[in-house]
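Asker: Residue numbers (the numbering used here), protein chains in the order written: chain U, 1 to 335; chain G, 1 to 273.
Mixed in with the good hints, there may be bad ones.
[Stated by the list, open to error] Below, in silico cross-link-like pairs of lysine to aspartate or glutamate (DMTMM-like), each with a Cα-Cα straight-line distance of 20 Å or less:
| id | chain 1 | residue 1 | chain 2 | residue 2 |
| --- | --- | --- | --- | --- |
| 1 | G | Lys-163 | U | Glu-52 |
| 2 | U | Lys-270 | U | Glu-312 |
| 3 | U | Lys-323 | U | Glu-312 |
| 4 | U | Lys-251 | U | Asp-328 |
| 5 | G | Lys-163 | U | Asp-70 |
| 6 | U | Lys-152 | U | Glu-27 |
| 7 | U | Lys-176 | U | Glu-137 |
| 8 | U | Lys-176 | U | Asp-164 |
| 9 | G | Lys-163 | U | Glu-158 |
[As the list claims (entries may be wrong)] Covered stretches of chain G (in silico footprint by chain U; criterion: 3 or more residues with CB under 8 Å from a CB of chain U, positions within the stretch not fixed):
| id | stretch |
| --- | --- |
| 10 | 166-172 |
| 11 | 200-212 |
Worth flagging that the hints you see were computed from the coordinates, not collected in a lab.
Glycine is no exception: its CB is placed at the ideal position from the N, C-alpha and C atoms.
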Amino acid sequence: MALDLKNIVKEFGARTVVREVSLSANEGEFVVLLGPSGCGKTTLLRIVAGLESPDEGSVVLCGRDVTRLDPRDRDIAMVFQSYALYPHMPVEQNIAYPLKIRKRPAEEISRETRSVASRLGLAQLLDHYPRQLSGGERQRVALARAIIRRPKAFLMDEPLSNLDARLRVEMRAELKRLQHELGIVTLYVTHDQAEAMTLAHRIAVMRDGVLQQFATPAEVYHRPANTFVATFVGSPSMNLLKPPFGTRFGKADATLGIRPEDVELSLEEKRDWIAALVWVTEEMGNETLVVIKAGEEHITVRAPSATRLDFETPVWFRPRPEKVHWFDQAGKRMP
Amino acid sequence: MKTVLKYIGAVIALIVALAPIYWLVTISLKREIDQFAFPPRWIAFTPVLTHYREAFSSGSFSVYFTNSVILATVSTFAALTLGVPAAYALSRFTWPGDAREEIAYWILSTRLLPPIVTIVPLFLMLREAHLLNSLAGLALVYTAFNLPFVVWMMRGFFDEVPKEIEEAAMLDGESRGGALLRVVLPLVKPGLAATAVFCLIVAWNEFLFALILTQTEAAMTLPVGIASRVTQYEIKWGAMSAAGVVAMLPVLIFASAAQKYLVRGLSLGAVKG
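Excised from the complex, chain U in its bound form:
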């Protein structure tokens, strides 16, 4: 195991922000901590970094227990949401700083800095100060500063959230490629499920300090552990139809979950399909989202982009039987 978190507990005063979280990441693995704000994911990251100390549990990095070590003795690099560049140093010194502290020879520092800078497209900006850079450039400098000393682990705290939408998608792909090339275990915090799905080898979904599910993106998407994960991952989110809706599909007191793409829609009445009215349609360009109303339930359906439906059009639908998820009354996935 490259990184091993065991039963981490963290309290701030009377509030428990991380509750007995255990997870381990393999050599070179990209693990994303996903959850809404305030779920404890950033606190967990800061515990790994050594910026907070856990009340219980331990952090093991490459077989060494680092729980009580200072941040500087852990050999971990971190990229902050605000980038946290040193405002009084030009880009070159920002990138070189970790090596300078380690008193590497000047010639080596200069060579490494240039190589990392050109890798991230910063070669022309070495003598600029952070305040002269755009958001995307600052982001690259922060990345360059993190990778220059080849740490044992990378921590990233919502590194893309301050970028505009287009740049974010661009950097996301770049980041994935970079992590793959470096092969260093990475812990990445985000509240954006699309980022989590695209970047992660495995996603750790958190809520209220509790780890909900720790699995591959496909597993999290196709076999969510509970209703929270089911609705948090995927956009638009999974339809949850409360009892007694499930009765006609064989389970009276369970919640039925069905993804929008797994709902079949028809303009003609079919046997065993359920009648509904179109509530609203949203055209997205590549597809159309149709929200229909059956009884008291609203159900989102993913339809082809050509679909044109007026308000209140009568329709019939059914969940694809093999794609149905069942959740018990506590919201837990049923086998």
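Fit chain G to the known structure of chain U by using the hints.
Answerer: Here is chain G on its own, set in the frame of chain U:
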């Protein structure tokens, strides 16, 4: 029209602020007969340097001057050395019982007393410690007097520095002390300069404590020394003014040297990218 009014306002403010200084400088250059002429001679008078000669010839002036330089420097340095770490701790660390604000206000409260109230206990304490009539005693008092100011002002500057920047430094391999020294302090340099200038000015101009706590020539500071030219039989306006002009110079020079930092330090936001 608006700009004209603005300039008129600025000129009036300037005249009000500079008039006493102009008067001080001209008095120091006027013959006694011109000093008391009525109507006052604003510009037309015969400049002489006799008062400067008189002020410096006695020898005690250079003693006062040296004393003031030593006192201001030592007390400012001491107040910064003690106050900056305190301010940093108040800005960054969590305190037992969440007492951060209480401690900060307690420190500030020591400045709420009018100085005159503290003078008697201070006098008695310094007498017990055999520090009356000594620069060391006065330096101690000035340091204590400036300390709350340093703590409060520097705490504000430290609060301005995003916590992530020093956390980044610590992850990059710095200890907390190293991050403070090499990353945070350079960022609050303007604030540090502004604070130092204020401490210097306070210590340089201070009169009350110096008057009561030092009575010997050897430990006297400039303000007290100049005031002692008011004698039983005459007031030496010329010599006093000449000494006053010279006393103004060091602070003037220092403040203009630090002006670049002063403006940035006082307008905050200096570290925001």
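Asker: Does each hint hold? Answer for all of them.
Answerer: Now the hints, each set against the structure:
no.: 1; hint: Lys-163/G x Glu-52/U; in the structure: holds (13 Å)
no.: 2; hint: Lys-270/U x Glu-312/U; in the structure: holds (19 Å)
no.: 3; hint: Lys-323/U x Glu-312/U; in the structure: violated (27 Å)
no.: 4; hint: Lys-251/U x Asp-328/U; in the structure: holds (10 Å)
no.: 5; hint: Lys-163/G x Asp-70/U; in the structure: holds (16 Å)
no.: 6; hint: Lys-152/U x Glu-27/U; in the structure: holds (10 Å)
no.: 7; hint: Lys-176/U x Glu-137/U; in the structure: holds (17 Å)
no.: 8; hint: Lys-176/U x Asp-164/U; in the structure: holds (18 Å)
no.: 9; hint: Lys-163/G x Glu-158/U; in the structure: holds (16 Å)
no.: 10; hint: 166-172; in the structure: holds (count 6)
no.: 11; hint: 200-212; in the structure: violated (count 0)
The structure shown violates the earlier hints numbered 3, 11.
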